[in-house]
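From first to last, the protein sequence lines are chains A, B and C. The letter at position 146 of the first sequence is residue 146 when you use the numbering used here, and the numbering goes up by one with no holes. The letter at position 49 of the second sequence is residue 49 when you use the numbering used here, and the numbering goes up by one with no holes. The letter at position 276 of the third sequence is residue 276 when you use the numbering used here, and the numbering goes up by one with no holes.
It is worth saying that the hints were derived from the structure and are not from the lab. Any given hint could be a false lead.
As the list claims (entries may be wrong) - Partial pick of chain A residues on the chain B-facing surface, computed with a CB cut under 8 Å:
#1 PRO20
#2 ARG23
#3 ASP197
#4 SER200
#5 ALA201
#6 ALA207
#7 HIS216
#8 PRO219
Claimed, not checked - So the derived label-pair ranges between C-beta atoms look like this:
#9 B/HIS138 / A/PRO66: 45 to 53 Å
#10 A/VAL284 / C/PHE105: 38 to 46 Å
#11 B/ASP58 / C/LYS85: 49 to 57 Å
#12 B/GLU116 / C/PHE19: 35 to 43 Å
#13 B/ASP58 / C/LEU61: 37 to 45 Å
#14 C/GLU158 / A/SER22: 47 to 55 Å
#15 B/ASP18 / A/GLY134: 18 to 26 Å
#16 C/HIS64 / B/GLU225: 49 to 57 Å
#17 A/ARG23 / C/HIS124: 56 to 64 Å
#18 A/VAL222 / C/HIS125: 48 to 56 Å
#19 B/ARG230 / A/GLY134: 45 to 53 Å
#20 C/LEU61 / A/VAL222: 32 to 40 Å
#21 A/VAL222 / C/THR275: 38 to 46 Å
#22 C/SER47 / B/LYS190: 33 to 41 Å
Just so you know, these numbers come straight off a predicted model, no measurement behind them. Glycine included, each C-beta is placed from N, C-alpha and C at the ideal position.
Given next are the chains, with one letter for each unit.
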Amino acid sequence: MTDHASAPVTWQAWLTTTSPESRRQARLGQLYRQWLAFRKNPAAMVGLLIVLALLLLAAFAPLVAPHDPLAQALDQRLLAPSAKHLFGTDALGRDIFSRVVYGTRVTLVIVMLVVITVGPLGLLIGCAAGYFGGWVDTVLMRITDVFLAFPRLVLALAFVAALGPGLENAVIAIAFTAWPPYARVARAETMIIRNADYISAMRLQGASQMRIVLKHVVPMCVPSLIVRTTYDMAGVIIIAAGLGFLGLGAQPPIPEWGAMISTGREQIFDQWWVATFPGIAICVVALGFNLLGDGLRDVLDAR
Amino acid sequence: MSTQHAITAEKLNVSFGDSHVVKDLSFAVSPGESYGIVGESGSGKSTVLRVLAGLNRDWSGEVDILGKRQPKIRDKAFYRAVQMVFQDPYGSLHPKKTVDDTLAEPLAIHGIRDAEAKITRAMADVGLPSSFRFRFPHQLSGGQRQRVAIARALVLEPTILLLDEPTSALDVSIQAEVLNLLQALRQERKLTYILVSHDLAVVGHMCERLLVMQFGRGVEEMSAETLAARTPQTDYARQLLIASEGFRRAG
Amino acid sequence: MTATSDAPLLTLDELRVDFHTPTGIVNAVRGLSFTLGRERLGIVGESGSGKSMTGRAILDLIPHPGVVTAKRMEFRGKDLAAMDKGSRRKLRGRHISMVMQDPKFSLNPVQTVGDQIAEAYRVHHKASARQAKERSLAMLEAVQIREPQRVYDLYPHEVSGGMGQRVMIAMMLIAEPEILIADEPTSALDVTVQLQILKILDDLVTSRGMGLIFISHDLHLVKSFCDRVIVMYGGKAMETLPAQELDRAQHPYTRGLLGCLPDLDHPREKLATLTRDPAWLA
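Chain A on its own, in the form it takes in the complex (with noise of 0.2 Å):
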């Protein structure tokens, strides 16, 4: 900010002048202004902060959790919560606390694995599909029909049971399952901008398909699938544990939250701590990514 001090201008109003005077200047303002719009928003602003902390605990989860969240000690099994271990300990005698605190590591890597995987898959099955129309239509949306007629976790069952256990191997059948609404909202979004004037404008132009879809129809379906991915990182993260409870998600001793509310279960008349908190950690994290959703879509999807 320092080099900026000799302008005369601030740089609240560098970002939102109406006249800027380069790309990087409008974008910038752009997204300043639906920032503007989404701090307004107090409920989407607690989902981001849960985001954020969630986050942090990863970056940062050696210097905050107390023990190793590997480390077994049998002479402290199933201890209640204490000053000592604020969650308790479990069935080896592991510090609940710490695994939590570790398990939003696992909880990232599948998140993000899913988000790549899942968004551009989706949105370029639904541009091309309500872009192009025709068989190119009908072939893909019989394909994404064939897995929303599944019931998704029983469909990442059957995937998981053909790749085999294990945390990769839920992502990829979760990615696999988790496609189709995609295609469809994209497409549904396509099919109205196809008959725009500005993609008119464009074919005017000479523009070729490829060039219409990729620049002009794609930009205006990520908003919405950005939202939609957002709504849906609850339950993605709630089938992952659901695989984990399962014992078909990430396996033992990887400190994921439906791994401990599955092994938590024996105990969970005589020592409820060792289920419940990694179960309260899924719904806080799912109500982030919710509220989150819904503030992103009232700033992305106006006008």
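Keeping the supplied structure of chain A fixed, place chains B and C upon it in accordance with the hints.
What follows is chains B and C alone, placed relative to chain A:
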């Protein structure tokens, strides 16, 4: 024959499924001429324009543009010669692209260098201040948007401009500015115009000749003088003229 | 009846409509005064002139952040500002009605047009279903729909733009209001249809002795259709004059608006453009 005309259409027919929206339409436009097409909604006037522009492929008949018989799918060179301005300035600009993006895109598609100078010039030509260059459409008024749309059409330096009700979504004072701009550009660049409109006064002001359409057919072709003298031959054209004069209380 | 017919139906004094937005107060209407008798009063202006907001303010239909204030706002001597929401709502439709630009957005898509007209009647009058239907059919005939029986059972998407607007007019006039506000009622229609609709509107208004506020951007149309015209700009009345004298308007804004219209009788190389004077809004 066809070399004398900028645009000719012979026995043009357009159907969408069961509805036959343009029927046996023929007309010819000379280079540098401004030709109007007038009609009410459903007359097929906008469809004709979309066929000429290559946006509609469900047609039959013959279309010659700049001495070349046009296939259904046009080549890239075609679009450097023929451009179009749409009716609704709120729908014809991509909402997520700045003025700069919008004007740079055609240049990038055709691999034209010196984009910087061309964009600056295109904006100056349509009377947009350079401070608008990085604005998004939602930061522009209707008239300013239509100027951007005209600049986008002109940046490839076409010789034919197809105008689909370019001012019907604008206030009258803004309409006057845009019509003046279109007139000035035509004189400066020797452009050929086809202007589609429902407004006889606008067509009378902008065009040398015009075609009145009804239910997909060309009803009457006349000169602007005939229009101004209110001496068309057909009943329908006369009816349209009378209706455009405003309300008349009987008795 | 004769005693009251000279008294104005509507009196507005210093009407203001302000929108309190996060970025400041937007004044949509700033101090508009007029009276309406049993006449056709035109309000013309460009977009943003406040002409539509004026119509909505009279009906108490200004959306949320908007606030309506006026020194005086009376309907046949009754103070509108002093009425509660419920009384204003009862007034709406029964005594003051509105026809909007596009019938597609004003009609309920899942109900036949006939039922909608009948319902509009029964909201304000005690009537059996059969009586209401009879009245509705008569009303459809009054707006010159040739086969009222058939049209009665059509859904809004099955009628053309011109027919839809007739249905809207039938619906708005069936309660026999004293004032009709028509906000660009024919702008979405073709010229020939436009004139038919205006003729119907004109006949009904004249025969029933209603007051009509005709809001439009079309100077020619207002000139030929109305008795009196208010020219609005930036939320203020620039001038009020008899429609016949619009061509001889004094105010530079009105003259500017007329000047920038292309005219078949006076072809010009270049159209005049309007220079807006900030003093007009002072």
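Consistency of the hints with the structure:
1. PRO20: Nearest chain B Cβ about 4 Å off; hint holds.
2. ARG23: Nearest chain B Cβ about 6 Å off; hint holds.
3. ASP197: holds, 4 Å
4. SER200: holds, 6 Å
5. ALA201: holds, 6 Å
6. ALA207: holds, 5 Å
7. HIS216: Status holds, d = 6 Å.
8. PRO219: Holds, about 5 Å.
9. B/HIS138 / A/PRO66: 45 to 53 Å: holds, 52 Å
10. A/VAL284 / C/PHE105: 38 to 46 Å: holds, 44 Å
11. B/ASP58 / C/LYS85: 49 to 57 Å: For C/LYS85 against B/ASP58, whose Cβ atoms are near 54 Å apart, the range 49 to 57 Å holds.
12. B/GLU116 / C/PHE19: 35 to 43 Å: Taking Cβ atoms as reference, B/GLU116 and C/PHE19 lie about 41 Å apart, which means the hint holds.
13. B/ASP58 / C/LEU61: 37 to 45 Å: The hint (37 to 45 Å, Cβ to Cβ) holds, given that B/ASP58 and C/LEU61 are roughly 44 Å apart.
14. C/GLU158 / A/SER22: 47 to 55 Å: holds, 53 Å
15. B/ASP18 / A/GLY134: 18 to 26 Å: For A/GLY134 against B/ASP18, whose Cβ atoms are near 20 Å apart, the range 18 to 26 Å holds.
16. C/HIS64 / B/GLU225: 49 to 57 Å: holds, 54 Å
17. A/ARG23 / C/HIS124: 56 to 64 Å: holds, 58 Å
18. A/VAL222 / C/HIS125: 48 to 56 Å: With a Cβ separation near 54 Å, A/VAL222 and C/HIS125 satisfy 48 to 56 Å, so the hint holds.
19. B/ARG230 / A/GLY134: 45 to 53 Å: holds, 49 Å
20. C/LEU61 / A/VAL222: 32 to 40 Å: holds, 37 Å
21. A/VAL222 / C/THR275: 38 to 46 Å: Since the Cβ atoms of A/VAL222 and C/THR275 sit about 43 Å apart, the hinted range of 38 to 46 Å holds.
22. C/SER47 / B/LYS190: 33 to 41 Å: Cβ of C/SER47 to Cβ of B/LYS190: about 34 Å, so the range 33 to 41 Å holds.
Checked against the numbered hints above, the structure breaks none of them.
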